[in-house]
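Q: Chains A and B, in that order, are what the protein sequence lines are. Start counting the first sequence at 1; every next residue gets the next number (my numbering). Start counting the second sequence at 372; every next residue gets the next number (my numbering).
Hints are computed from structural coordinates only; laboratory data are not their basis. Possibly wrong hints are sitting among the right ones.
Residues of chain B clear of chain A, computed beta-carbon distances all greater than 12 Å [as the list claims (entries may be wrong)]: (1) Val-381; (2) Asp-490; (3) Phe-631; (4) Met-659; (5) Ser-692.
Covered stretches of chain A, going by a simulated chain B footprint (3 or more residues, C-beta under 8 Å) [said to hold, decoys possible]: (6) 40-53; (7) 108-116; (8) 207-217.
Ideal placement from N, C-alpha and C gives every residue a C-beta, glycine not left out.
Protein chains: 2
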Amino acid sequence: MVQAVSAPGVIDLGPGYLEPSLLPVDEVLTLYAEALTEFGPAALTYGANAGAEPLRALLAARNGCTAEETMVTAGTSQALALLCTVLGRPGRSVVVERTSYDLGRRIMTDHGLRLREADGDGEGMRPQALDRALSHSDVAFVYLTPTFHNPTGTVAGESRRRKLLAVAARRGVPIVEDDAYTELSLDGTAPPPSLAVLARRRGVIRLGSFAKTLGPGLRLGWLEAEPDLIKRLTGRGQLVSGGALNHLTSLAVTMLMGDFRYDRRLARLREQLRVRRDALVSALQAVMDDSVTVNRPSGGFFVWLTFDPQRSEASLLAAASRAGVAVAPGSRFGSEAGTHLRLAYSFNSPDRLAAAAARLAAAWRNEETPR
Amino acid sequence: MVQAVSAPGVIDLGPGYLEPSLLPVDEVLTLYAEALTEFGPAALTYGANAGAEPLRALLAARNGCTAEETMVTAGTSQALALLCTVLGRPGRSVVVERTSYDLGRRIMTDHGLRLREADGDGEGMRPQALDRALSHSDVAFVYLTPTFHNPTGTVAGESRRRKLLAVAARRGVPIVEDDAYTELSLDGTAPPPSLAVLARRRGVIRLGSFAKTLGPGLRLGWLEAEPDLIKRLTGRGQLVSGGALNHLTSLAVTMLMGDFRYDRRLARLREQLRVRRDALVSALQAVMDDSVTVNRPSGGFFVWLTFDPQRSEASLLAAASRAGVAVAPGSRFGSEAGTHLRLAYSFNSPDRLAAAAARLAAAWRNEETPR
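With the rest of the complex left out, here is chain A (with noise of 0.2 Å):
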């Protein structure tokens, strides 16, 4: 019925979930009941095609900018989708990180785009690989996942940021921000300003979601883009025949956002979150040899573990699945050289995150004797 089921005995640290108890089943339903009593039937028609104005002037005021420049999505897989469509057609290309999201690329090259893949390093896509990129002239959108990265975890700097933004800029291509875990900063200091903040979201369209903070089965998300776009996303059939994506559970997350409980649940989750990157990271600092480096990502949901180029991501999974240990292959999010795997610290509880450290260590050690 849902997406991930593990095996018996299989500690799952492949997907970028929430763990089953840290999403908040009874708050969603008091949601549901206060909206449909705010709102009544105007809960359950056709919504305002870009949302619902009482939530897009939440989401604007809490993102630093107006309701014109906001629209309600039913998350960043949607609106990625939207997008391709609409800045892209089949036989573009789409520039992206040479390891990045694998689902958000997937979600391009369904859509008929080719990917052109730039080097990044510790902060994320380099500016003059960006810039050769562009020198093609196909590109219909920039790629880019600067805070938090899925997989690797890592934060682009402000400098950094504006640097990408220069070449961008200076190409004239838009650059879609995938800024979905940016609220789940873990260290109590938040991450450099959006690249929407940044160029106060001339050419950039920020892609934020509730899956990571809320739920995913809720299916909500938004995206911020300058005002002509989100008339042109807004005027598609698709909204004016359907309505706004969602619009009861838009107004469910309207009574949430109005007041002091979406930030109390939020700064609930990074605490949550927060003790299990910690037991992962922890265990696995304890017990890795020096033939592994382990990431200690600042927010998010992921550990990415790096090895010796000569050790096979395949005989590394094997071992870990004969430990009872599923993670996700770096492999999967492209091309990038070396040997490379994803934790998620997400989706278990730190007790169970500590002792996938501990099986991992035992089945890696093993596992290079014999080859």
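Since chain A is already given, all that's left is putting chain B on it; use the hints.
A: Below, chain B without anything else, positioned relative to chain A:
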């Protein structure tokens, strides 16, 4: 906050919406409570790509197909947009009835598809016209509404349906059957079997919706097709990434469909719509002169008026507006020769519908003289 807001004093026969009093606010709240209680956190996580199995199973049983032939959608408009990207590509064409749903047309042209219009009659598209249109090799699919057509209200008989199916099958072109109104038969007799049932879904994709029976704000519908196409659709990156469309809402509707409540809701709604249709049609027939033909639809939301072709749509609309009645111009739905208007009986009480008919008759009588 919502799509259609009428000016004070205006009786709005324009939009194909349910009247607010017909939207089941309390019942929907109960359904969300039941779903969150029954499924807990599983209702808030990523749902299975094709939609939650319990709903797929209930839909399949109701529609005479299998769960493998069924996927959950975010409504007919989302489903049609998805099909445009999977079955079509910019530059190809779609065959549509010359008079057909304006926003369905727009969703297709938004995706770069060109429209090939085929002539119709009192049963919708004519098979010979379809055959002629399909002699072009660039047709991606045929878009049809054989049951309670929007805007004309027509129903294709079973023989007509079989002929259209035979033509499309011979040409090897799939049919998209927009079947949003099919549950809303108003005279106690079911419409003929859907194209999907007649063809056992071979080459037919049927779009269903809860927008007309429960509430469009839920943004929930479904799609029936051959299992291979369902696999292609649910394998799109958008669904693999975001999971099922409107997972939580689909579980809420599962609670409704899982017992007698959905049928009870439909029975009540059909009666409420029947009273409204009769109020509008009787009043129109009583007050209109011979220059206007009033159809009496056997289901759906709309009365289709046919005027003397010499009469100007613009002046009929203007006179209606001066009299405080909003209606939809026939020209919005395509290029059918003649003068037509579409009147929705779904969005107002029987008393207001009768009052609207009287206002329109007076307005159009007066409008004729000074012309």
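Q: None of the hints should be skipped; say for each whether it holds.
A: Outcome of the hint check:
With a minimum CB-CB distance of about 17 Å to chain A, Val-381/B clears the 12 Å threshold, and the non-interface call stands. Against chain A, the non-interface label of Asp-490/B holds: every CB pair exceeds 12 Å, the least being about 23 Å. Chain A leaves Phe-631/B outside its interface by the beta-carbon criterion, the shortest separation being 21 Å against a cut-off of 12 Å. Residue placement check: Met-659/B keeps its beta carbon more than 12 Å from all beta carbons of chain A (closest about 30 Å).
At roughly 21 Å, the least C-beta separation between Ser-692/B and chain A is larger than 12 Å, which holds for a residue marked as non-interface. Check on the stretch 40-53 of chain A: 12 of its residues sit with their Cβ under 8 Å from a Cβ of chain B, so the three-residue criterion for coverage holds. With 5 residues having a Cβ less than 8 Å from any Cβ of chain B, the stretch 108-116 of chain A passes the three-residue criterion, so the hint holds. Closer than 8 Å: that is the beta-carbon criterion, and the stretch 207-217 of chain A has 5 residues meeting it against chain B, so the requirement of 3 holds.
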